[in-house]
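K.L.:
Can you build the whole structure from these sequences, using the hints too?
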Amino acid sequence: MVKNLDPKWAWEPYSPGEKQPWTKARVGHLYRRLAFGANVAELRQGVATEPQKLITNLLAGRNPSPTYDAATEEYLASNAEKFNQDVQASGWWLYRMLHGPAPATEKLTLFWHNHFATSNTKVQNVGHMVRQYRLMNRNALGKFDVMLQEMSKDPAMMIWLDTVQSKKGMPNENYARELMELFSLGIGNYTEKDIREAARAFTGWELKDGKFAANASQFDDSPKTVMGQTGNFKGEDIVRICTKQPACAKFIVKKMFRFLVSESEDISPALAAPLEKSFADGFDIRKLVETIVRSNLFHSEHAYRTRIKAPVDYVIGMTHALESRMGTINGSLNLATALENLGQNVFHPPSVKGWDGGPTWLNGQTLLFRQNLALDLARRPAGPDKPALALALAEAHHCKSPQDQAALFLDLFLQGDVPVETRNRINEYASTVTKQKTPRFWSKRDIVEQQAVSLCHLVMTLPEYQLD
Amino acid sequence: MTNRRQFMQYSSLVGLGSSVPTFLARTAQAAPDAAKPGAKDTILVVVQLTGGNDGLNTVIPFKDETYAKYRPTIKVPEDRVKKLNDHIGLHPTMDGLAGLYEDKALAVIQAVGYPNPSQSHFRSMDIWHAASTADSLTEGWIGKALKTMNCPAFHVAGGNESAPLALTGAPARVPSITNLADFQLKLSDQAGQRDIVRKSAMPSTNTGSQTGLLDFVQRTASNTYDSSKKLQELSGNYQPKVPYPQTGLANRLKVCAQLIDAGLGSRLFYVSIDGFDTHASQGGPQGSHANLLTEVSGAITAFYKDMAARGHKDRLMVMTFSEFGRRAKENGSKGTDHGSGAPMFLVGGKVNAGVHGKHPDLNDLDMGNLKFTTDFRQVYTGILDQWLGVPSKDIVGEGQKAFKVMV
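Which chain is which? The protein sequence lines are P and H, in order.
Residue 421 in the numbering used here sits at position 421 of the first sequence, and the numbers go up by one each step.
Residue 674 in the numbering used here sits at position 206 of the second sequence, and the numbers go up by one each step.
Simulated from the structure, these hints should not be mistaken for lab results.
In this text the structure is predicted, and so the values were computed from the model without any measurement.
Check each hint, because a few of them may be wrong.
Unchecked claim - With a cut-off of at most 20 Å between alpha-carbon atoms, the simulated SDA-like pairs for lysine to any residue come out as follows: (1) H:Lys667 x P:Glu464; (2) H:Lys667 x P:Asn427; (3) P:Lys208 x H:Asn628; (4) P:Lys435 x H:Ile664; (5) P:Lys167 x H:Pro540; (6) P:Lys437 x H:Asp657; (7) P:Lys224 x H:Gly800; (8) P:Lys167 x H:Arg539; (9) P:Lys193 x H:Gly800; (10) P:Lys193 x H:Asp834; (11) H:Lys654 x P:Gln436; (12) P:Lys193 x H:Pro583; (13) P:Lys122 x H:Thr606; (14) P:Lys437 x H:Asp834; (15) H:Lys802 x P:Phe219; (16) P:Lys234 x H:Gly800; (17) P:Lys437 x H:Lys802; (18) P:Lys353 x H:Thr606; (19) H:Lys654 x P:Tyr465; (20) P:Lys122 x H:Ser756; (21) H:Lys654 x P:Asp446; (22) H:Lys797 x P:Glu192; (23) P:Lys353 x H:Gly626; (24) P:Lys254 x H:Lys802; (25) P:Lys353 x H:Asn628; (26) P:Lys224 x H:Gly836; (27) H:Lys802 x P:Gly169; (28) P:Lys122 x H:Thr518; (29) P:Lys444 x H:Asp657; (30) P:Lys193 x H:Asp832; (31) P:Lys167 x H:Gly836; (32) P:Lys435 x H:Ala659; (33) P:Lys168 x H:Lys802; (34) P:Lys353 x H:Ser604; (35) H:Lys654 x P:Asn334; (36) P:Lys167 x H:Thr541.
P.N.:
This is the structure we're talking about:
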C-alpha cells in the first residue's frame, strides 16, 4: 500500500540496486508514463542508459526526432485551421505525439487538456482549439498559476464556459464554478456564494477579433467577497485568490499523482505533503513532474501497471512500437477517427470534467474496439508494396521463426512480463501455426504474413497490455 | 469527499462479483414470456438528460405571470404550450409525449430533487446514480438492483460515453454497446486464436503481486467475449414497427428495442443524451433547448410505439431524469445557470399516467432556485418495489415514501 510508505524513501531519486534492478520492464514503464511507450531500439538503449540520465533525455525530448517532418506537421496544422476540420486537428496532434520532438511535453499537454477539458463540439472553431493547445503545450511543464491566468482569457475556454456571455448585472456562473470545482480547488473547497460573487468579477470579458478584451462598460465595478476576502476584484484577482488557497496545490498534486503514478490508490496525505509544499511555492510543474518520475516510488511495484492505458496511449503506443511511419489521418486507417470509438476523441472531451479514465476506459464495446483496432494496425502495410507492419517488424529484427516472433512481440509490448501459462500458450501457438491449413491460393508470403499478424495480435490482446 | 474517480478506483473493482460471468448463457434460458400475465418480466429503460435539463421550460407553468417575468427572452408563450391541464403544459416540441399523455402512457412528476442540492454537475449526477447523498458514493442504484434481479442489463452508449456509475455494483459487469455489428472480436485466425484469447482473459493462478486492475481487465474481457458471442446470434437487421427519428438517442433506443425483442431476458437498459447545460442562448419555443427536447420526445415516443406494436408496452417503463434543473430566472446570456428541482417523466403502458407532485412555487425560491416537492428516491422506491419487484430498502434505504409509479 502506498499509504504505508516512508515519504523520505518514496521521493528520493531512484538508483538501481539488487532489489530494484534496472530492467527492460522498468524502461517500458518509464516510457509509458513519460512518453507513449518504447519501441525495440528504445528498450534496448534504455537498459544500457543510466536511469536518471534517461529521464533527463526523455524530458528534454528527441532532438531531432528521426521520423519527424516539420513540413508535414505544418501542413496538417494549417489545413486544420484553414478548413476548420476537427479530424485534421486531432490528426495533427497525434502526429506530434507519434513523431514530434518532445513526447514527454505532449504527454503532459494531454494531461492539461484533460484538466482544462474544452470541447470543440461547443467552441466550433478549430483555430481557437489549436491556440488553446499551444497555450497548454507552452505551459505543460511551466508554472501552473501562469497557465491558469492565461487559460482564463483563452478564447476557446471563454466560449466553452460562456465567459464571453457574462454581463454586468447578469453574470454567467459557468466559468467561475468550473474554475473552482475543476481547475483549481475541487468540490468542497468553496461555497455557492463564492461562485456567484466570483462570477461578477469575470463580467465584461469578451472576445474582440478573436482575442481577449475587457469591456469596462460591462464590468461589474463593485466590491465582491470571495473566500473571505472583499475587494473590487477583477477576474485575474479571483484566479490569484484561488491559487493561493491551500486546496489548490493539494488538488493538482493529487491529480498529477494519479496521472503519473497510480489509478489504483490515491496519494496519502503523508506522501503528498512534501510535494504540496514545494508546488505551492512557485507552482513549478516541471519540478513536480521531475520529483515524481525520478523517485523510488515511481520505479517501484506501487506504480507498475497501476493504470489502465488511455486510448491515446494505446493507439500511439502500438503505432510507435510497430515502427509505423504512416501518417495519422490519411489512408484506410484513420487514427484520429479510431480514437473516437475508443472513447478519447482529443479536442472533444465528454464534459468539462474531462475523461474519468481508469476502469471507465474499458467497457464491453471499447475493449472490442481496442482489440479490433490492434488487428487492423498489425495488418496495415508498412508502406507501398511492403508487408504488414507485424511482419515488417519481425523481419527488421531478424526473426527466423514464429517462435522468434513470439519472443519479439512479448518483449516489445510487455517486456516479457506475462504469466508462465500465457507465455506457454503463445509459444505453443507459435510452434503449431506453421502446420495450419491455409487456402490453396495463398502464396508462401501470404502465409508468413498471416502468421506474424496472428502472433502480434495475440500478444496485443493480452489483458496485461491494457495496463499502463 | 469521495468523488467519481475514487469511486471508480475502489468500488467498481470490488463490486464486480466473484465468478467470471457467463451471464447471457444463464439468463437466456430464463427469458420471460411477455404474454404471460403477472410475469415478473418488467423492463426499465433509464434515459439520462446530461447537463441539467431546464425543467421550467420543459413542463411549463404558462398561467404563472412570474414565469414570463423571470424569463423575458426564453419564455414559451401560452399559445405554444402543449397543455396538460389549466396550469401547466409541455414544451411545444414535445408533441410526441403530449400524445402519450392523451393515451395515458405518460406520468409527469413535478419538481423532483433532494435536500441541500449540489449544483456541481458531477456531484449531483453521482447522487442521482447512487441514490444517496453520502460523501462516499460507491455503487449505483441499478447495479444494486441487479444483485437481486440477476438478469442481463445493457448500457447502450453514444460515442465518448463511459459506463455510468448507476450500473456499477452489478454481479456481472454491465456491457456498454454502441451497435451490435461492432460488438464482436475480430481475429485473423479464429479457429486457432479464440481459445487462447479466452484463456488468457481468465484470471491467472499467479496473481499474488498483481493489482486489482489486471483482475478488472480480465473480468471485463471474459464478460465481453461471452456477451459478444451470444449477441452475434441475433438476427442482423432490426426492422422497427414504426419509424424512428434519425437522432442519436433514437438510434440508441432502437438498439434497446432490438435487445428487448430478442428475448435475452434483459430487464434494465441505460441510455443518455448530452447537451442540457444551457448556460447561453438556449432559446424558447425554438433553439438549442427545443432541439434537445425534440430529440427526447421523438425518440421515446417512437421507442414506446415500436415496443407497443410488438406487444411489450405493458412490460415497459421509460424513466427520464437529469442531475438538476436550472435557475428560475434566465441569466444575461439568454440561458440559465445551474439550479435544482426538475420534472421526471415515466412512459409505459402501465404507468400511473397524469401529472403528479406540486409544481414548484416561483415566488418561493431558494437562492433563486426552485424548491423540490418530491424526492427522487421516492420515485426510485416506487420503481424498485412496485415495478421491478426489488426491495428498495437495500438500495435507497428506509423512510422514503414510495411514489406510485404504476396503476
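K.L.:
Going straight from one Cα to the other, do Lys224 of chain P and Gly836 of chain H come out at no more than 20 Å?
P.N.:
Since the Cα atoms of Lys224 of chain P and Gly836 of chain H sit roughly 19 Å apart, the hinted pair holds (cutoff 20 Å).
K.L.:
Taking 20 Å as the top limit, are the C-alpha atoms of Lys444 of chain P and Asp657 of chain H close enough?
P.N.:
Since the Cα atoms of Lys444 of chain P and Asp657 of chain H sit roughly 17 Å apart, the hinted pair holds (cutoff 20 Å).
K.L.:
Taking 20 Å as the top limit, are the C-alpha atoms of Lys353 of chain P and Gly626 of chain H close enough?
P.N.:
18 Å, holds
K.L.:
Would the pair Lys167 of chain P and Arg539 of chain H pass a check requiring their Cα atoms to be no farther apart than 20 Å?
P.N.:
16 Å, holds
K.L.:
Check whether the Cα positions of Lys234 of chain P and Gly800 of chain H lie no farther apart than 20 Å.
P.N.:
18 Å, holds
K.L.:
Straight-line Cα separation of Lys437 of chain P and Lys802 of chain H no greater than 20 Å?
P.N.:
Violated, at roughly 68 Å.
K.L.:
Sort out whether Thr541 of chain H lies within 20 Å of Lys167 of chain P, counting only the CA atoms.
P.N.:
Between Lys167 of chain P and Thr541 of chain H the Cα gap is close to 15 Å, so the pair holds against 20 Å.
K.L.:
For the pair we were handed, Lys208 of chain P and Asn628 of chain H, check the Cα-Cα distance against 20 Å.
P.N.:
Not OK: Lys208 of chain P and Asn628 of chain H at ~33 Å, beyond 20 Å, violated.
K.L.:
Would you check the hint for Lys168 of chain P and Lys802 of chain H, treating anything up to 20 Å between C-alpha atoms as holding?
P.N.:
With Cα atoms ~14 Å apart, Lys168 of chain P and Lys802 of chain H stay inside 20 Å; holds.
K.L.:
Going straight from one Cα to the other, do Lys437 of chain P and Asp834 of chain H come out at no more than 20 Å?
P.N.:
Distance ~74 Å between Lys437 of chain P and Asp834 of chain H Cα, so the pair is violated.
K.L.:
Checking one constraint from the list: CA of Lys654 of chain H to CA of Gln436 of chain P, max 20 Å. Satisfied?
P.N.:
19 Å, holds
K.L.:
Does Phe219 of chain P sit within 20 Å of Lys802 of chain H, going by the straight-line distance between their CA atoms?
P.N.:
18 Å, holds
Violated hints, listed in ascending order, are 3, 13, 14, 17, 24; each of the other numbered hints is respected by the structure.
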